[in-house]
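Assemble the complex: chain C is given as a structure, and chains F and Z must be docked to it using the hints.
The chain contents come next:
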Amino acid sequence: MTILLAVFLLTMLVITAVAIVRTRDLFAAVMLLGIFSLLMAANFFVLDAADVALTEAAVGAGISTVLFLGALALTAARERESGDSRWLPLVVVVIMAATVVYATFDKPALGDPNAPVHQHVAPWYLSETPRLIDIPNVVTAVLGSYRGYDTLGEVFVVFTAGIAVLFLLGSGRPGELFSRPPDELSTGGLKHHLIPRVVGKLLIPFIILFGLYVQFHGEYGPGGGFQAGAIIAAGVILYALLEGETRALAALPESALKVMVIGGALLYTLVGVVCMLMGGNFLDYSVLSTNSVAGQQLGIILIEAGVGLAVTGVLLSIFHAFAARATA
Amino acid sequence: MQLLGLYNYWVFVVLLMIGFYAVIAKSNLIKKLIGLSIFQAAVFLLYISMDKVEGGTAPIIQAGVPDQIYSNPLPQVLILTAIVVGISTMALGLAIVVRIKEAYGTIEEHEAAAMDSEA
Amino acid sequence: MSLFLDLGSWVLFGIGSLLLFIGALGVLRLPTLFTRMHAASLTESLGTIAVLTGIMLQAGLTLATMKLLAILLFLLLTSPTSSYALANAALLARNRDQTREQADRK
Numbered sequence: 001m002t003i004l005l006a007v008f009l010l011t012m013l014v015i016t017a018v019a020i021v022r023t024r025d026l027f028a029a030v031m032l033l034g035i036f037s038l039l040m041a042a043n044f045f046v047l048d049a050a051d052v053a054l055t056e057a058a059v060g061a062g063i064s065t066v067l068f069l070g071a072l073a074l075t076a077a078r079e080r081e082s083g084d085s086r087w088l089p090l091v092v093v094v095i096m097a098a099t100v101v102y103a104t105f106d107k108p109a110l111g112d113p114n115a116p117v118h119q120h121v122a123p124w125y126l127s128e129t130p131r132l133i134d135i136p137n138v139v140t141a142v143l144g145s146y147r148g149y150d151t152l153g154e155v156f157v158v159f160t161a162g163i164a165v166l167f168l169l170g171s172g173r174p175g176e177l178f179s180r181p182p183d184e185l186s187t188g189g190l191k192h193h194l195i196p197r198v199v200g201k202l203l204i205p206f207i208i209l210f211g212l213y214v215q216f217h218g219e220y221g222p223g224g225g226f227q228a229g230a231i232i233a234a235g236v237i238l239y240a241l242l243e244g245e246t247r248a249l250a251a252l253p254e255s256a257l258k259v260m261v262i263g264g265a266l267l268y269t270l271v272g273v274v275c276m277l278m279g280g281n282f283l284d285y286s287v288l289s290t291n292s293v294a295g296q297q298l299g300i301i302l303i304e305a306g307v308g309l310a311v312t313g314v315l316l317s318i319f320h321a322f323a324a325r326a327t328a
Numbered sequence: 001m002q003l004l005g006l007y008n009y010w011v012f013v014v015l016l017m018i019g020f021y022a023v024i025a026k027s028n029l030i031k032k033l034i035g036l037s038i039f040q041a042a043v044f045l046l047y048i049s050m051d052k053v054e055g056g057t058a059p060i061i062q063a064g065v066p067d068q069i070y071s072n073p074l075p076q077v078l079i080l081t082a083i084v085v086g087i088s089t090m091a092l093g094l095a096i097v098v099r100i101k102e103a104y105g106t107i108e109e110h111e112a113a114a115m116d117s118e119a
Numbered sequence: 001m002s003l004f005l006d007l008g009s010w011v012l013f014g015i016g017s018l019l020l021f022i023g024a025l026g027v028l029r030l031p032t033l034f035t036r037m038h039a040a041s042l043t044e045s046l047g048t049i050a051v052l053t054g055i056m057l058q059a060g061l062t063l064a065t066m067k068l069l070a071i072l073l074f075l076l077l078t079s080p081t082s083s084y085a086l087a088n089a090a091l092l093a094r095n096r097d098q099t100r101e102q103a104d105r106k
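Chains as they are written, first to last, in this note's numbering: chain C, 1 to 328; chain F, 1 to 119; chain Z, 1 to 106.
Pulled out of the complex, with its shape left as it was, chain C reads as follows (with noise of 0.2 Å):
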């Protein structure tokens, strides 16, 4: 039975990504683009990843869309005849896809127990989870204990990427980019509005809710600093589309978005530099309590923090970046 919702779902995967190089309309990929992701993320539940499918729904489905549309507003949504022949790159893709799925043969089946991938580490994770950390979610224990060295890396990924969208397009003023169309569209005033900004606001305290659960719920079940950041993140550009820029910007000032960002980078190397100081390694949170697994438990509840602050800010920052560029 999950055989075939899986074959179903991965099928519909190809189906909508060959739809999406074929239109011209970049409006309508960009929106094939987020049922894409949403496909995706599907697929990763069925594959047992509840995480990463929550992390690529509110991040692909949700955020990504409302980015790609703030780039297409400032640029042009089609896309023009290129004279270039087309058979060339096709024969090279051709090539290249045959050689790959040779390759594919010598892969050990979905779900085989014996493949290598399973042999190394990951029975050690599981089956030591319980005795050192004592949290359920071992992919919340493996994201922030044991290789929180690597998370470290990943969210001043994000910084630097957040740090450097904001250099091309600078943090200027609030643009109406994403507030309400222009005066000949809406001949009804706001009443064309009114259903969606009534309903958005009333899900708006629950998205935010719900995103904190998952923040601080993450020891124990799907969640963590990455998807609560992610659909917070969410949750208040969703305020900005109804509400306009200006309001959104008044809820959560830029201001506090930097502090956000910086702080919750901070947050996360601060936690590491304190071990040290107590006398263990980088990032190694047993020293934090008397009890190590008391301390592990600490130790990740706080970076987990860092990382939700850091992603969020991140997130809406350059969210806001784009959207003030079209009025600058």
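Derived Cβ-Cβ restraints for the label pairs, each shown as a range:
hint: 1; chain 1: C; residue 1: 160; chain 2: Z; residue 2: 90; range: 40 to 46 Å
hint: 2; chain 1: Z; residue 1: 88; chain 2: C; residue 2: 95; range: 44 to 50 Å
hint: 3; chain 1: Z; residue 1: 42; chain 2: F; residue 2: 102; range: 43 to 49 Å
hint: 4; chain 1: Z; residue 1: 91; chain 2: C; residue 2: 99; range: 46 to 52 Å
30 Å max Cα-Cα, derived BS3-like pairs, lysine-lysine:
hint: 5; chain 1: Z; residue 1: 67; chain 2: C; residue 2: 201
hint: 6; chain 1: F; residue 1: 32; chain 2: F; residue 2: 101
hint: 7; chain 1: C; residue 1: 258; chain 2: C; residue 2: 201
hint: 8; chain 1: F; residue 1: 101; chain 2: C; residue 2: 258
Here are a few chain C residues that face chain F, going by a calculated C-beta distance under 7 Å:
hint: 9; residue: 117
hint: 10; residue: 126
hint: 11; residue: 138
hint: 12; residue: 318
No wet-lab data here; the hints were simulated from the structure.
A quick note: this is a predicted structure, and the numbers were derived from the prediction, not measured.
Yeah, the Cβ is synthetic: ideal placement off N, Cα and C, and Gly gets one too.
Here is chains F and Z on its own, set in the frame of chain C:
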């Protein structure tokens, strides 16, 4: 069954190549970025396909079920962070495209290149 | 008792799937945007209610059912809203095209 066991990888290859085709064959810069994000999603699918264990469930330890099989948490951690990093770098790409549009008045690669060779 | 619950949930699954299938057929076969949206949004609401109620019968009185109720509430709020927003956008786009045509004629 054996063939279905490789279906995930074939879909990965096809998606990878669709994304790659968009990157090399399309002249429109936004379309290139869309292709790149399909390419990226294909790599995510490859990693997540490898985490699956037959009869397993999501790697959240259930108390009182000692014999439960869990899927591999490691690829999930890698992809979880990669998705958020991916959207940040994609935003950076879009920001560069916006600046190219402002500088050249076009987001078609061949038109911008033609302007460069004229100047 | 559990036999009745099973039976009830399968009947609901059947009704839901049938409704969603009819809706999908409508989207493919009907001629204009508004009739298509009509088909999709009407069948979607009842279909979702039927399928989710079916799953709730399977889950029994547990935390999962509460979560499903929350999902159902969320879907009942958002899906008509998104249909409305889509129809509204289509209406505005058509109005804009018509005013443009009128301006062209003048």
